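The UniProt record's numbering applies: residue 1 is where the sequence shown begins, and numbers increase by one.
Bear in mind the hints are in silico, worked out from the structure with no lab data behind them.
Only a predicted model underlies this, so the values are computations on that prediction, with no experimental measurement involved.
Any given hint could turn out to be false.
What the hints assert, rightly or not - Mimicking DSS-like on lysine-lysine, the simulated pairs with C-alpha atoms at most 30 Å apart in a straight line are:
1. Lys80 / Lys117
2. Lys49 / Lys102
3. Lys49 / Lys80
4. Lys102 / Lys46
5. Lys46 / Lys80
6. Lys112 / Lys102
7. Lys54 / Lys112
8. Lys46 / Lys112
9. Lys49 / Lys83
10. Lys46 / Lys65
11. Lys95 / Lys49
12. Lys42 / Lys102
13. Lys65 / Lys54
14. Lys112 / Lys65
15. Lys80 / Lys65
16. Lys95 / Lys83
17. Lys83 / Lys117
18. Lys102 / Lys83
19. Lys65 / Lys117
20. Lys117 / Lys54
21. Lys49 / Lys112
22. Lys83 / Lys112
23. Lys102 / Lys54
As the list claims (entries may be wrong) - So the derived label-pair ranges between C-beta atoms look like this:
24. His71 / Phe10: 57 to 65 Å
25. Ala17 / Tyr66: 55 to 63 Å
26. Gln126 / His55: 33 to 41 Å
By construction, the Cβ of each residue, glycine as well, lies at the ideal position given by its N, Cα and C atoms.
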Amino acid sequence: MSILTLRSRFLLIVSLALTGCMSGPAVKGSNVLVTPVNYVYKVDIKNNKLTPAKHELYAYLESNKYALQVHGATIYWQGKEGKSLAVLARNWLLKQGTPSPKARVLLEADGKGSSVKISTTVHQVQTPDCGYTIIGQYHHEKDGCSQDALRWQSMVYPERKLSGTQRLSFSALSAQ
1 MSILTLRSRF
11 LLIVSLALTG
21 CMSGPAVKGS
31 NVLVTPVNYV
41 YKVDIKNNKL
51 TPAKHELYAY
61 LESNKYALQV
71 HGATIYWQGK
81 EGKSLAVLAR
91 NWLLKQGTPS
101 PKARVLLEAD
111 GKGSSVKIST
121 TVHQVQTPDC
131 GYTIIGQYHH
141 EKDGCSQDAL
151 RWQSMVYPER
161 KLSGTQRLSF
171 SALSAQ
């Protein structure tokens with residue numbers, strides 16, 4: 001065998017031996033849960049009076065304008081007056097900048113009477129409940145709570161974080 005082949009085999013065996021002894025990563029990352037939350041607002045049209053229902057609907061649209069622009073809405077309607085209100089609400093959303101695919105109008109089959117219902121799904125991020133952080137012992141118990149540990153690390157010595165100097169470790173102080 002040539003020296004090159006022996007050398008490559010030796011390097012392969014050494015690298016495999018060293019990787020077999022490696023431990024897992026120190027921090028696996030943050031453990032977050034993304035949950036869809038559905039918000040529904042319904043306006044009933046009573047006694048075929050469209051004006052009060054229209055004012056109520058526009059008040060809701062105005063107060064939730066930003067969320068509706070970002071997350072969109074599905075507008076369900078019942079009855080003739082409900083359909084006209086649903087079309088007005090969709091046109092209002094489009095005029096405010098909501099993309100057309102995020103502003104849908106659908107007929108709600110069940111129920112009687114005239115009404116319009118606006119449904120919005122928002123995805124919220126939930127982080128796990130982290131225990132108390134012990135200063136100097138970051139990432140020791142719950143690795144999924146890294147966001148809390150990172151917050152504490154940045155708050156311990158903020159002036160040293162900004163200047164780029166290392167902070168003293170508590171183990172070095174206790175050894176002296």
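Each hint, compared with the structure:
no.	hint	result
1	Lys80 / Lys117	holds (14 Å)
2	Lys49 / Lys102	holds (29 Å)
3	Lys49 / Lys80	holds (12 Å)
4	Lys102 / Lys46	holds (28 Å)
5	Lys46 / Lys80	holds (13 Å)
6	Lys112 / Lys102	holds (27 Å)
7	Lys54 / Lys112	holds (19 Å)
8	Lys46 / Lys112	holds (12 Å)
9	Lys49 / Lys83	holds (14 Å)
10	Lys46 / Lys65	holds (25 Å)
11	Lys95 / Lys49	holds (25 Å)
12	Lys42 / Lys102	holds (18 Å)
13	Lys65 / Lys54	holds (16 Å)
14	Lys112 / Lys65	holds (29 Å)
15	Lys80 / Lys65	holds (25 Å)
16	Lys95 / Lys83	holds (18 Å)
17	Lys83 / Lys117	holds (11 Å)
18	Lys102 / Lys83	holds (18 Å)
19	Lys65 / Lys117	holds (16 Å)
20	Lys117 / Lys54	holds (12 Å)
21	Lys49 / Lys112	holds (16 Å)
22	Lys83 / Lys112	holds (13 Å)
23	Lys102 / Lys54	holds (21 Å)
24	His71 / Phe10: 57 to 65 Å	holds (59 Å)
25	Ala17 / Tyr66: 55 to 63 Å	holds (57 Å)
26	Gln126 / His55: 33 to 41 Å	holds (36 Å)
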